[in-house]
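Engineer: Quick note: the sequence shown, position 186, residue 186 per full-length UniProt numbering, numbers continuous.
One should not assume that every hint holds.
Below, simulated SDA-like cross-link-like pairs (lysine to any residue); rule was C-alpha separation at most 25 Å, straight line [said to hold, decoys possible]:
| no. | residue 1 | residue 2 |
| --- | --- | --- |
| 1 | Lys217 | Ile206 |
| 2 | Lys426 | Gly408 |
| 3 | Lys279 | Leu423 |
| 4 | Lys171 | Leu113 |
| 5 | Lys218 | Gly175 |
| 6 | Lys301 | Lys207 |
| 7 | Lys207 | Leu327 |
| 8 | Lys296 | Leu14 |
| 9 | Lys207 | Val375 |
| 10 | Lys279 | Val269 |
| 11 | Lys143 | Val375 |
| 12 | Lys279 | Leu14 |
| 13 | Lys301 | Gly408 |
These aren't lab readings, by the way, just hints derived from the structure by calculation.
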Amino acid sequence: MGSAIEVVRFILDLGAVVVLPIIIILLGVIFGMSFSRAFRSGIMVGVGFLGIFLILGLLLDSLGSVAQEMVQNYGLSLEVVDVGWPLAQEMSLALPFVPAIFGAVLILNLVLLVLGRTSTLNLDLWSYWSFSLAGTLAYALSKSYVVGLLVALATAAIIFLLADRSAPLVKDFFGLEGVSLPHTATVGWFPLTMALNWLLERIPGIKRIHLDLEGMKKRLGVWGEPVVIGLLLGVVLAILARAPLFFEDVGANVAFTLLLGMQMAAVIVLLPRMVEVLKEGLLPLVQEIGAFLARKFPGRKIYLGLDASLALGHPAVLILGLLMVPLTLLLALGLGALGVNRMLPFADLALLPFFMIWCVAPHGGNLFRALLIGVVIMGLILFISTDLAPLFKETGEMAGLSFPEGYGEVSSLDAGSHVVPWLLLKVISPFYGFD
1 MGSAIEVVRF ILDLGAVVVL PIIIILLGVI FGMSFSRAFR SGIMVGVGFL
51 GIFLILGLLL DSLGSVAQEM VQNYGLSLEV VDVGWPLAQE MSLALPFVPA
101 IFGAVLILNL VLLVLGRTST LNLDLWSYWS FSLAGTLAYA LSKSYVVGLL
151 VALATAAIIF LLADRSAPLV KDFFGLEGVS LPHTATVGWF PLTMALNWLL
201 ERIPGIKRIH LDLEGMKKRL GVWGEPVVIG LLLGVVLAIL ARAPLFFEDV
251 GANVAFTLLL GMQMAAVIVL LPRMVEVLKE GLLPLVQEIG AFLARKFPGR
301 KIYLGLDASL ALGHPAVLIL GLLMVPLTLL LALGLGALGV NRMLPFADLA
351 LLPFFMIWCV APHGGNLFRA LLIGVVIMGL ILFISTDLAP LFKETGEMAG
401 LSFPEGYGEV SSLDAGSHVV PWLLLKVISP FYGFD
């Protein structure tokens, strides 16, 4: 079993940049593309993903740094420590039944696809760790590998279903034809964000407010351009982070502020362009699959399940993610005062753009509605993160992970975003005495 876990880790370590082009080439040949066309598609997809991940690295490093400075410089603290998603991923890969989960989810996806119960062929093997995390938490709760495996499979089945349901919006809003986003931390919120948008549409006054990027560009000119908005938001975030000690070293802090502004502007410009490169490679395969299905199985559709980072190519998602950094900290403190939240966001603050994907899409990019929906979603993520904290630390210790000395309870924003596994854990928890 140890060697099987090493194989899983090896594939995850290779990453989408290496493995996904191989999968795309094989799928292209299987569905009737010439090898040369399939080869070019695979290489372009790999190049696109490499560009996306390089720019995401810049975003996560710079945004994560300024967000953590904001927490430290203002002396903010709550009881539960946000230790970040890498620890959650490490936890999800630590138990012996992890290879069984990966294999079972892959088989489940293929069976559901053949039976017509899903249209998503999940190529995002690197998101499988989220299914494994669900199973690992369920095992820690129940002490049963069977229960852990069943929770992992139930999570996967629900995520595939939600990916199917949201795929038309992925095409219409994000411009990703033939693609779904079966990402546990994001698409799990799709039904609620759609419901919240439906509710806002029926509130007088609010339903008339429409603030999208196109409208801002028309009214504000260059100041409404996404690149300028990104620059200004980066500058504001840097000033907020360094304000308590800004005059201790004015030169360094001014340089930090201007650099962060340019970094955020660069991300907003470059990320959509890398998504376009990826789409250039993906489109021929999507068209070939569509033609094959039209010939062999009329009425059937297959979506290629890919990483949710593709949705960050829409500037509105990135802009909302930047806006939510200080708002999430204020929300955490406010809910903490009400006794609803005990975790202060820290290590995972840079992931906020991911959590905002389905807050932006349901209404066509209306940033006013997206902000209202985003506040609700982040409030729930904070609540779930707090609720999971005791089980999260117990699972980590059981998996042999060590936490820095002095840490009490731990959790992460990313864990709190996994709403589907959390709901399944709440269903089974009465049987195992865990509230």
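Engineer: For the pair supplied as a hint, Lys207 and Val375, confirm whether the alpha-carbon distance does not exceed 25 Å.
Structural biologist: holds (17 Å)
Engineer: Straight-line Cα separation of Lys296 and Leu14 no greater than 25 Å?
Structural biologist: Given pair Lys296, Leu14 is violated - Cα atoms ~34 Å apart, limit 25 Å.
Engineer: Between the alpha carbons of Lys143 and Val375, is the straight-line distance 25 Å or under?
Structural biologist: At roughly 36 Å apart (the allowed maximum being 25 Å), Val375 and Lys143 break the hint.
Engineer: Within a Cα-Cα threshold of 25 Å, do Lys207 and Leu327 meet the stated pairing?
Structural biologist: It holds: about 23 Å lies between the C-alpha atoms, which stays within 25 Å.
Engineer: For the pair supplied as a hint, Lys171 and Leu113, is the alpha-carbon distance within the 25 Å limit?
Structural biologist: Given that 25 Å is the threshold and the Cα spacing comes to 20 Å, the pair holds.
Engineer: Does the alpha-carbon distance linking Lys279 and Val269 stay inside the 25 Å limit?
Structural biologist: Judged against 25 Å, a Cα distance of about 16 Å means the pair holds.
Engineer: Does Lys279 pair with Leu14 here, judged by a C-alpha cut-off of 25 Å?
Structural biologist: holds (21 Å)
Engineer: Would the hint linking Lys426 and Gly408 be met if the CA-CA limit is 25 Å?
Structural biologist: Since the Cα atoms of Lys426 and Gly408 sit roughly 23 Å apart, the hinted pair holds (cutoff 25 Å).
Engineer: Quick one, are Lys279 and Leu423 close enough, alpha carbons at most 25 Å?
Structural biologist: Judged against 25 Å, a Cα distance of about 34 Å means the pair is violated.
Engineer: Within a Cα-Cα threshold of 25 Å, do Lys217 and Ile206 meet the stated pairing?
Structural biologist: holds (21 Å)
Engineer: Given the hint that Lys301 pairs with Lys207, test it: the Cα-Cα distance must not exceed 25 Å.
Structural biologist: Violated. Lys301 to Lys207 sits at ~34 Å, over the 25 Å cutoff.
Engineer: Could you grab the alpha-carbon distance between Lys301 and Gly408 and see if it respects the 25 Å cut-off?
Structural biologist: violated (49 Å)
Checked against the numbered hints given earlier, this structure breaks hints 3, 6, 8, 11 and 13; the rest are met.
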